[in-house]
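Starting from the known structure of chain A, fit chain B onto it as the hints suggest.
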Amino acid sequence: MTAVPTLSPAASTTTRPMVRAEQVRKSYGPLEVLQGIDLEIATGEVVCLIGPSGSGKSTFLRCVNHLETIDAGRLWVGDEIVGYRQRGTKLHELSDREVCRRRTDIGMVFQHFNLFPHMTVLQNLMLAPVTVLKEDKEVVRARALALLERVGLAAKADAYPRSLSGGQQQRVAIARALTMQPKLMLFDEPTSALDPELVGDVLAVMKDLAQSGMTMLVVTHEIGFARDVADRVAFFDGGRIVECGPAAQVVTDPRHERTREFLAAVR
Amino acid sequence: MSTLAEPLDVADVATQFTVVRRRHTGRWLAAVVVAVLGVVVAQNVLSNSRFGWDVVGQYISDASIIRGLGTTLFLTVVCMAIGTALAVLLAVMRLSSNPVVNGAAFVYVSFFRGTPVLVQLLFWFNLAALYPVISFGIPGVHLDANTLITPMLAAIMGLALNEAAYMSEIVRAGILSVEWGQSDAASALGLTKGQTMRRIVLPQAMRVIVPPTGNETIGMLKTTALVSVIAVPELLFSSQVIYARNYETIPLLIVASLWYLAVTAVLGVGQYYIERHFARGNRNLPPTPIQRLRTFARAITTRSTR
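Those sequence lines, one after another, are chains A and B.
Each position in the first sequence, counted from 1, maps to that position plus 313 in the working numbering.
No gaps in the numbering here: position 159 of the second sequence is 155 in the working numbering, and each next residue is one more.
So that you can see chain B by itself, here it is in the shape it has in the complex:
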């Protein structure tokens, strides 16, 4: 206790004592267990010939697989774009003080969130059974629903309209996350409601909107696999067509999975940089992995030249 009364000189402490670090026994144990499991899984995956890695290698860059991947990417981009644009409109409608406008958006969101997207896709695909002829109330102008609603159009409508319902809630949460004071300040400066939304509220809402939108985009990429049921030749459907012919079911499903994984990895990186862009002015951002690598490389080169 006497040491409390006379605090030790820090320099003294360093010379007199050696510091004994804590042993993290649990961490070591966990690491060993995980490593062993990893080796077992890897060994199994590589030695089980039924995975058919040679077949995977053969089909991974097959022309029809690449075309399917292209269709998957096209559907993802188009449906997310339409869904997001519609979502902003729905979110603004939901925040309107007009009960009719507000109610319409609420009904839309309830309907499209309340039924499975697979059911919605089948509905769009079979629209011709409901409305054989689509006319616009203009005499002489009418279209045959069977030729108008191609599988691709049914897929886009089904996925985009469903996505809009989910995205609108994300956008609404983002808009609500911006303090009221921001709108007050913008109004006091003479900005109109539209200008306030575009210049002040939405850019700040993006910080809240972007991370779940990244999730939604990755989710959309995978949900596009559902449109294989209405015969749109996307990535999964293309794999199915091949394994229906050669019975190499597992290898071709692995081919599809590897492409899905590759694209989600790329999307994840994109999301990281978009988040950083909208976080400006908010906090001191840590360096990106690339910036860190560059600093590291610079440190090494300066050391080696010395």
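Just chain A, with the same shape it has in the complex:
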């Protein structure tokens, strides 16, 4: 970015993490939902965040693209501090517009899909690249149609979201995020609102995405997906990361008692 020496970690080496959290804290009133989160996600890595409801995993995810602000600690995406611009030793809070510009590099998929119901599927995909990135309409249209093809919904381009099943809506939501060509994808319980038989299609799209090298941060209750697709799994409980390690190890051979209890309960 700038020639100013930065606070960013590993600034001198080439392997800069995509996301780095350092003692991230966040409170809602008297309730401290994040009590010092430390986490690093390398480029191309897939990390699943698991844990009981209210453990802070979704809040942490929302902090990464600044949908929530943090109260203490540091959070980097790429070489930029989330929500701030560094000038020398000062951190300037970003304007609305600058926050929005940074978000264009980060795709997000929500539990309840949050497709725009007054627009067709294709319009949902094209909106942000055209209005935010000011890209050429025809270029975006071609990319959007290709992405719909990739998630198996090319035939639904002109349908309205409400006429689609939950699984189809979520695949559209993933395609919508990808149309922005993000460097990082955040998934907030993407299959939790789906009928059981529709979960598989969505997970298949996510697996395909993981294998294509996308950096992914996934909050999920699908332990099987975490084990098979993630590189690492972080177990959240009470606003802390209790255990973090290689996916297979955390899921099949957890070191921590609390992790063991949780995994036994969700199986």
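To be clear, the hints were calculated from the coordinates, so they are not data collected in a lab.
Idealized CB from N, CA, C, for every residue including glycine.
Be a bit skeptical, because a hint or two may be false.
Simulated restraints, written as ranges between beta carbons of each label pair [what the hints assert, rightly or not]:
no., chain 1, residue 1, chain 2, residue 2, range
1, A, L576, B, E175, 31 to 37 Å
2, A, A385, B, L114, 54 to 60 Å
3, A, A577, B, E165, 50 to 56 Å
4, A, A467, B, A31, 58 to 64 Å
5, B, F70, A, T444, 35 to 41 Å
6, A, G537, B, R288, 50 to 56 Å
7, B, P95, A, L576, 45 to 51 Å
8, A, G558, B, N94, 52 to 58 Å
9, B, E165, A, A467, 40 to 46 Å
10, A, G537, B, P95, 46 to 52 Å
11, A, T444, B, V37, 34 to 40 Å
12, B, N122, A, A385, 57 to 63 Å
13, A, G558, B, S106, 26 to 32 Å
Straight-line alpha carbon distances no greater than 27 Å define the calculated BS3-like cross-link-like pairs of lysine-lysine that follow [said to hold, decoys possible]:
no., chain 1, residue 1, chain 2, residue 2
14, A, K520, A, K496
15, B, K218, A, K450
16, A, K447, B, K218
Frame of chain A, contents of chain B only:
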């Protein structure tokens, strides 16, 4: 009870039994009462010469009545346009996290909803008594309030500013009816707050905003009659001027009422189509009466050609 164990064949049922429909005695009775009342009222209205239907016919398209109707429509459109634009601003202010901005909008809404619109109209009309000279703090630039505030301007200000207060609550309810997830999704895609409001929130809020706005527009059309007290020559005032001359009070009030009814009917149709426009993507819309008529006509023509 044995029939429960061996369910009857459906085809069997159709051949063995005749279905006796329920008699809706109450409905028939109610229909007869309403029909009789209708005939009585119609007979009375048509036979009572004091309604003066011939006078109604004479004045319904009178030039000054039509001019008055034009003024009424002009006031309705202008005041609703100004009121709605101001209402969106007020609604966004009310939802602001800045307490000063939020508070200012709250005070505005409280003030304009808390006093009768007739009082507000009289205030604007008599503004010159309060501020005889209106200056803008610029030396040499000042206006005489008596010539600046014409009855028409007083009417527009009174009605529009009052309407903004009511409409702002409607717009606010509409904005709040849109799920938070929609703003989240728009923000996550990099849309600014302004873009999110214009492209995502307001279009969806319209579904909630349009029906009460239709009511407000119809209400505004009728409220314009109030400005007759400050001598703006709208529909009611024009009728009053005529009956002050010829004493045909009732017929001219009927003339005004018929025009009000005609315009509200047209507005109702407009509202129907606007609602359908903003409902897209939400549900399967039933066909409009015109579409239904067309289907019906097509069915008849195909049958007759066969």
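Now the hints, each set against the structure:
1. A:L576 to B:E175: 31 to 37 Å: 33 Å, holds
2. A:A385 to B:L114: 54 to 60 Å: 58 Å, holds
3. A:A577 to B:E165: 50 to 56 Å: 52 Å, holds
4. A:A467 to B:A31: 58 to 64 Å: Roughly 59 Å apart at Cβ, these two residues keep to the hinted range, so it holds.
5. B:F70 to A:T444: 35 to 41 Å: Holds, at about 36 Å.
6. A:G537 to B:R288: 50 to 56 Å: 52 Å, holds
7. B:P95 to A:L576: 45 to 51 Å: 47 Å, holds
8. A:G558 to B:N94: 52 to 58 Å: 46 Å, violated
9. B:E165 to A:A467: 40 to 46 Å: Given range 40 to 46 Å: holds, Cβ gap about 44 Å.
10. A:G537 to B:P95: 46 to 52 Å: 49 Å, holds
11. A:T444 to B:V37: 34 to 40 Å: 58 Å, violated
12. B:N122 to A:A385: 57 to 63 Å: Given a distance of about 59 Å, which is inside 57 to 63 Å, the answer is holds.
13. A:G558 to B:S106: 26 to 32 Å: 59 Å, violated
14. A:K520 to A:K496: 16 Å, holds
15. B:K218 to A:K450: Violated: K218 (chain B) and K450 (chain A) sit about 47 Å apart, past 27 Å.
16. A:K447 to B:K218: 46 Å, violated
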